[in-house]
Amino acid sequence: MFSLRVLGSGSAGNAMLIQSDSTALLVDAGLSAKQLVARLKQCDVDPFALKGVLLTHEHSDHTGGLRVFCTKYEIPCYCNSLTAEALKSELTRVLCRVFRNGTEFTIGDIRVRPFSVPHDAADPLGFCLAHDDVLFGVLTDLGHAPGLVLESLRGIHGLLIETNHDEALLHQDIKRPWAIKQRILSRHGHLSNASAAHVVRQLLDSSPLEHVILGHLSKDCNRPELATQRVDEELKAAGHSSTKISCATQEAITETIMLGASSGTFPS
1 MFSLRVLGSG SAGNAMLIQS DSTALLVDAG LSAKQLVARL KQCDVDPFAL
51 KGVLLTHEHS DHTGGLRVFC TKYEIPCYCN SLTAEALKSE LTRVLCRVFR
101 NGTEFTIGDI RVRPFSVPHD AADPLGFCLA HDDVLFGVLT DLGHAPGLVL
151 ESLRGIHGLL IETNHDEALL HQDIKRPWAI KQRILSRHGH LSNASAAHVV
201 RQLLDSSPLE HVILGHLSKD CNRPELATQR VDEELKAAGH SSTKISCATQ
251 EAITETIMLG ASSGTFPS
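For the sequence shown, our numbering gives the first residue as 1, with consecutive numbering after it.
Among these hints, one or two may not hold up.
[Unchecked claim] Simulated restraints, written as ranges between beta carbons of each label pair:
hint: 1; residue 1: 12; residue 2: 171; range: 41 to 47 Å
hint: 2; residue 1: 178; residue 2: 72; range: 37 to 43 Å
hint: 3; residue 1: 224; residue 2: 100; range: 19 to 25 Å
hint: 4; residue 1: 256; residue 2: 219; range: 22 to 28 Å
[What the hints assert, rightly or not] Subject to a maximum C-alpha distance of 25 Å in a straight line, what follows is the list of computed SDA-like cross-link-like pairs (lysine to any residue):
hint: 5; residue 1: 244; residue 2: 150
hint: 6; residue 1: 219; residue 2: 205
hint: 7; residue 1: 72; residue 2: 97
hint: 8; residue 1: 175; residue 2: 249
hint: 9; residue 1: 72; residue 2: 61
hint: 10; residue 1: 88; residue 2: 106
hint: 11; residue 1: 244; residue 2: 205
hint: 12; residue 1: 236; residue 2: 198
hint: 13; residue 1: 51; residue 2: 175
hint: 14; residue 1: 34; residue 2: 256
hint: 15; residue 1: 244; residue 2: 211
hint: 16; residue 1: 181; residue 2: 204
Simulated from the structure, these hints should not be mistaken for laboratory data.
All residues carry an ideal CB built from backbone N, CA and C; glycine is no exception.
All chains, please: the whole structure from these sequences, using the hints.
In structure tokens form, the structure reads like this:
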């Protein structure tokens with residue numbers, strides 16, 4: 001079984017707690033160290049019990065609390081070589097374990113397969129995590145989902161996917177310069193509600209999705225009800241109305257999500 005809780009998600013900081021029978025780890029550490037400790041306490045998790053922090057990429061909303069948190073609690077950080085290089089000044093006192101994209105490794109009893117995603121960072125990643133017979137996918141900060149990404153997530157039972165913006169609200173936003181809007185909308189930017197819903201629809205052909213968690217919502221250019229409605233429409237259109245949807249926010253921890261299904265074997 002997997003136990004999942006998003007500690008916070010949005011442009012101000014992202015972190016997710018993943019627990020198996022004997023292993024607890026974070027995906028990203030974008031909240032401050034103080035916030036990470038406080039939110040882990042709400043989950044009844046001692047920071048010293050964490051086996052590692054998996055990094056998707058080096059942007060500050062995913063690494064803001066990394067140096068202080070990992071140093072204080074002696075937690076190893078797992079990332080690829082280009083991300084490690086981009087974070088060189090932040091990792092001087094952090095135990096950094098570097099892995100290769102596409103190569104499976106383990107943290108405790110959780111198997112991890114990292115895969116490349118298109119985003120404007122040094123070498124950004126998604127993850128497929130496996131424990132016993134359960135697969136969980138992490139797909140955040142990407143402009144589109146090419147075939148390799150979809151194949152890497154084949155067979156998942158749960159998914160964290162970014163629904164960054166509603167395109168109409170983004171176009172209407174008067175605070176963002178046109179160049180920033182173009183970056184967000186680019187193929188190396190961020191997924192819109194519609195784009196994320198399309199990815200979910202594609203994954204349904206190969207995956208027994210039990211639960212979809214929507215994350216990384218823009219404070220100004222999205223709303224939870226818009227993101228949820230768009231993904232729900234795709235699920236119902238595909239005949240998967242039983243798949244549950246949760247929406248992560250910046251301010252609060254999600255409820256505990258338990259995953260358990262039929263096959264946790266990585267696609268060959």
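The hints, checked one at a time:
{"no.": "1", "hint": "12 with 171: 41 to 47 Å", "verdict": "violated (23 Å)"}
{"no.": "2", "hint": "178 with 72: 37 to 43 Å", "verdict": "holds (42 Å)"}
{"no.": "3", "hint": "224 with 100: 19 to 25 Å", "verdict": "violated (36 Å)"}
{"no.": "4", "hint": "256 with 219: 22 to 28 Å", "verdict": "holds (25 Å)"}
{"no.": "5", "hint": "244 with 150", "verdict": "holds (20 Å)"}
{"no.": "6", "hint": "219 with 205", "verdict": "violated (32 Å)"}
{"no.": "7", "hint": "72 with 97", "verdict": "holds (17 Å)"}
{"no.": "8", "hint": "175 with 249", "verdict": "holds (21 Å)"}
{"no.": "9", "hint": "72 with 61", "verdict": "holds (20 Å)"}
{"no.": "10", "hint": "88 with 106", "verdict": "holds (24 Å)"}
{"no.": "11", "hint": "244 with 205", "verdict": "holds (17 Å)"}
{"no.": "12", "hint": "236 with 198", "verdict": "holds (12 Å)"}
{"no.": "13", "hint": "51 with 175", "verdict": "violated (41 Å)"}
{"no.": "14", "hint": "34 with 256", "verdict": "holds (21 Å)"}
{"no.": "15", "hint": "244 with 211", "verdict": "holds (5 Å)"}
{"no.": "16", "hint": "181 with 204", "verdict": "violated (30 Å)"}
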